[in-house]
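Once you've looked at the hints, go ahead and assemble the two chains, each given alone in its own frame, into the complex.
For the record, the sequence lines run as chains L and U. Using my numbering, you'd call the opening residue of the first sequence number 1 and step up by one each time. Using my numbering, you'd call the opening residue of the second sequence number 1 and step up by one each time.
Errors might be hidden in some of the hints.
To be verified - Derived, one-sided and incomplete: chain L residues facing chain U with beta-carbon distance under 7 Å:
| id | residue |
| --- | --- |
| 1 | LEU177 |
| 2 | ALA224 |
| 3 | LEU229 |
Treat the hints as calculated values from the structure; they're not laboratory data. Please read all numbers here as calculations on a predicted model, not as lab measurements. Cβ coordinates follow ideal geometry from the N, Cα and C atoms, glycine included.
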Amino acid sequence: MEAFAGLLQGFDVALKPINLLWGFIGVTLGTFVGVLPGVGPALTVAMLLPLTAQLDPTGALIMFAGIYYGAMFGGSTTTILLNTPGESASIATALEGNKMAKAGRAGPALATCALGSFVAGTIAVVLLTLLAPVVVEVALKFGPAEYFALMVFAFTTVAAVLGASTTRGLASLFVGLMLGLVGIDSQTGQPRFAFGVPELLDGIDVVVLAVGLFAVGETLYVAAYTSRLPETLEKMSGSIWMSVQDWKRSWPAWLRATAIGFPFGSIPAGGAEIPTFLSYSLEKKLSKHPEEFGSGAIEGVAGPEAANNASATGVLVPLLTLGIPTSATAAILLTAFQNYGIQPGPLLFQIQPDLVWGLIASMYVGNVILLVLNLPLIGIWVKVLTIPRPALYAGILVFATLGAYSLHQSWVDLATLYVFGLLGFVMRRFDIPVAPAVIGLILGPLAETQFRRALSISQGDASVFVTQPISATFLAVTALLVIVPWLVRRRRRRTKAAA
Amino acid sequence: MRRSGAQIALSLGVLALGAGIAVGTSYLPSQGGYARIGPNFIPAVVAFGLIVSGAFLLYEALTGGWRSMPEPAERTEHALHWGAFAWISAGLIAHMALMQWAGFVLAGALLFTCVARGFGSARWLRDAAIGLAIALGVFLFFVRVLNVSLPGGWLKPLIGGL
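Excised from the complex, chain U in its bound form (with noise of 0.2 Å):
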């Protein structure tokens, strides 16, 4: 079996993560009155696990990739489509900086569309509707029913919310 390159890069994430919590451990207090261990010596034993582990998954990366994988033909694939990932990363990254401007249901109603768009779907102002009319009932449904508060943003004057 030919080496994977994305377990080798996995792997060694899990190495830098253990090694980020490592660093980061070195700076908590270690005094912890009777227990005689401090908020540090938690942290220094999930680094140590992290590190371990993310050695064993490149050891086995290395030496004829990660065990007990499932075949191939078990998995029902098709090749990664970087569209439709770009367009629901787009759509989450757009809502999450959207949320407080705009509101909850234009950021709302702007996610559902994009990630109908990642999945292939191609009347993007159906979609849009759909959207629309989904995020401000829900928004309507928390507001007014459950006494969540969710950001109105630009729609304030006609919705309320916060």
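If we strip away everything but chain L, and leave its shape as in the complex, we get (with noise of 0.2 Å):
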């Protein structure tokens, strides 16, 4: 078993004393700002990624899991006692969760979630450690063709498929392209749209266009729109712990939330929001007191809550085995990789295997202490929320400019910000989603170098993408992907027209 003596090999990492203190930090901070409302998973990542300018690639890499798996749990408390789900994966967890706490029973809406994170997360985790080499094993005999097909499905399930509008989500990839244009071609050394501005040669960091658009962008959508707004905090009362009958209406819950939201995330296909909804409408199907759904049953917290997070492990299979992200959050952990010139995909399981299995090792562990700490803190993660606004939004603030500046010790980078936040305005105001536009940018230049390469070696010949069988199958897919939908919405209107 590669996959056992992988783990074993990763466990001496992740338990060394030092590298469990990371991820104890990792799990705690990530908790902490995952609590703020208004951040979310991906902009706790992108807030935290300057912290770690300091640290060894494995330490680094080992407390971002932590702050991951924190924000993740994080964002479920504030959901629960604030309805204002920070990312349209904790929506559905919203819905009842909301509910609970306003019935008076928010200690078991959150130790549901609490468990469920931790039952859904450890066993995606051992999913992810079984499934990762036999992924690795295929990808080892990728070519340039079949990474370009298999980014191509990346860029349209994200993008297009989706996501509430074809149309937008397309706007918005495209212009996560086109900002990945910017910079040096790695191919030629030819400079592009860089309007000779030195700070624009790197290229536009992704953690910039993330901070932009969900920080900067959000504080102004929040400030101009809702700030005005009344908001009601849930109170904390009763006892945290799950009576016989919560512990035998969760568990189900969350055990077939595992087997939704994992293959969800760990396809290309990105975004917790389906298998979050898919498993909120099959608990609402299954349960024996479907009469509570709407007032707060527990199971339509445990399972979307539990999907969401085997969803967000399940994006680290693409991510580890073939260096694809496909969340916003996966795209942000990316350029942590990559600011230490590491390049995830099937050679890292050959080159780095300490630092890989030290890293999946890392969530078992990761989990452990999130459960640990999470359940007996509640009571400081609710103080949190009771910040004020003004002095939240401007302390996030004064953190995002931070991460941006720190890039190049210029004000380029944060005017740059300050555009992108314009954008992200824009784009929460008018429902254009923001994840296509961050991985575009990540995803578009490596893309773009597989499709040169690929020429490269057919001699210009464009035909190898749909001649070599395994990228053709990716094509294929991809395709019907856009055009299966495309054509029952038409049948659709055909039949309500003459109807």
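As structure tokens, then:
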């Protein structure tokens, strides 16, 4: 068992006291920042990136795994108590979770989230451990043409298939791809769209885009459109412990949700939104207490939250084994890797097995730390929610600008940040998804490199993408994903018009 | 549904970006060795993609508005509060102008005060004090502990930094 040997080696790394400490710090910071209203996991990871400047790669990545998990859990606390889902993946949790909190059952709602995240997260990491070596085995046979086809698949699912509108998703993707063009062309050294600005020759940093869209854009949006609305924070009253009945109703939901969430995350289809809603409607259908849905049914919290966590771990499969990020958070994690000159992908498992398996092992550890840390500390996390909004958002922006400025010590990055903030403001207001832009920016240049490499090998013969079986399959599936829903919608419209 | 001027403007904006990239692309070399395509190929694809998606957005905006937008009832929003937007923008712009000159701590404290003001806080002296404390704490932590260099500006004789 290659996976087993790798994992043992990984635990050797992850259980070193210093790495345990980084994991612990990561989980704590991640939860703290994740609890802040309006701060989702992607922004949490992006804002905490500068903190790792002085760490060795293994320690830094272990800390990031902790931040990732902590941020996910912290977000669910906010969702339940404030009913302000920080990202689309927590909307389903908010549906029942906030109702439970209103009914004075915030404790069990938070507990089923914490335990469900632990169960789903741990099972998902086991699946990741088993699946990763298999995918790596296949991926080692991939050439540039296959990689390019796979990236086209990822672009299409993220931009066109998921989300409310294909048109707006594609517009967002192409804006991201456009930003990815800025800088020096990696193949020929030709500067493109840098307008002679030295800071732009390096290209646009994903962190600046993500922080601009998520922090500056969100702050502008909240201030301009929702800051004058009253806000109700539900009290943490009653026991945080779940009754026997709660347990009985929760655990099947956790398991079913894991089975839904993990596959959704691991095929490059990105986004945890669909699996969380699938889980919600499945639980509603299977529940023995369907009448409670809408007024606080615990299955309706347990399922979506577990699905969210399982899919967040599933996203790490394509990220670690193929180097392809399929969510905004994964895109930022990829930047964290690249900052250390590490390119995730099948070769990484061979060149730096210590690092990869150490990271995977630290996720097992991180899940345990999260559980141990969160339930007892829930009181503190709830206090964080009472920080007055003016001070909260002011603090977020001080930190956000620091992250951008520390890249080149230049005001140009601050100006770029503000421009992306305006972009994020508009995108938020007009319901344009931001994840495609972030993924387009980081994956675009990688896709271009693979595309041109493939053509170099084939001496300019473009048929290589459709004559290689694997590449042709990916492209065919991609085409089907776009065409089939379109045909279905057309037919539905026709029948509606006829009727 | 009535036509939304903002949607039309945004659609035109995407089209304009596409046109801009197309113009920029025409100045890029097209030689590319064995691949037979040069650094101008993908920019051309991106320009095409922007123009096509901009055109679709414009078509939707002109024929009943962008599709599957959230219902107004689902949005919990008040009318645009220009003052909030202006205070935060002013804070960010002042921050980028002052950073190199006045330093991280003072620029950060000013940004903090402006953002808090944008969110409706009326006690600006107290906000400035909190902002100063936070920015100073962050500065010392990054400069002394993490060895990240940040500009000390006017306070450099007191706290160090670049």
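Evaluation of the provided hints:
{"no.": "1", "hint": "LEU177", "result": "holds (5 Å)"}
{"no.": "2", "hint": "ALA224", "result": "holds (4 Å)"}
{"no.": "3", "hint": "LEU229", "result": "holds (6 Å)"}
The structure agrees with every numbered hint stated previously.
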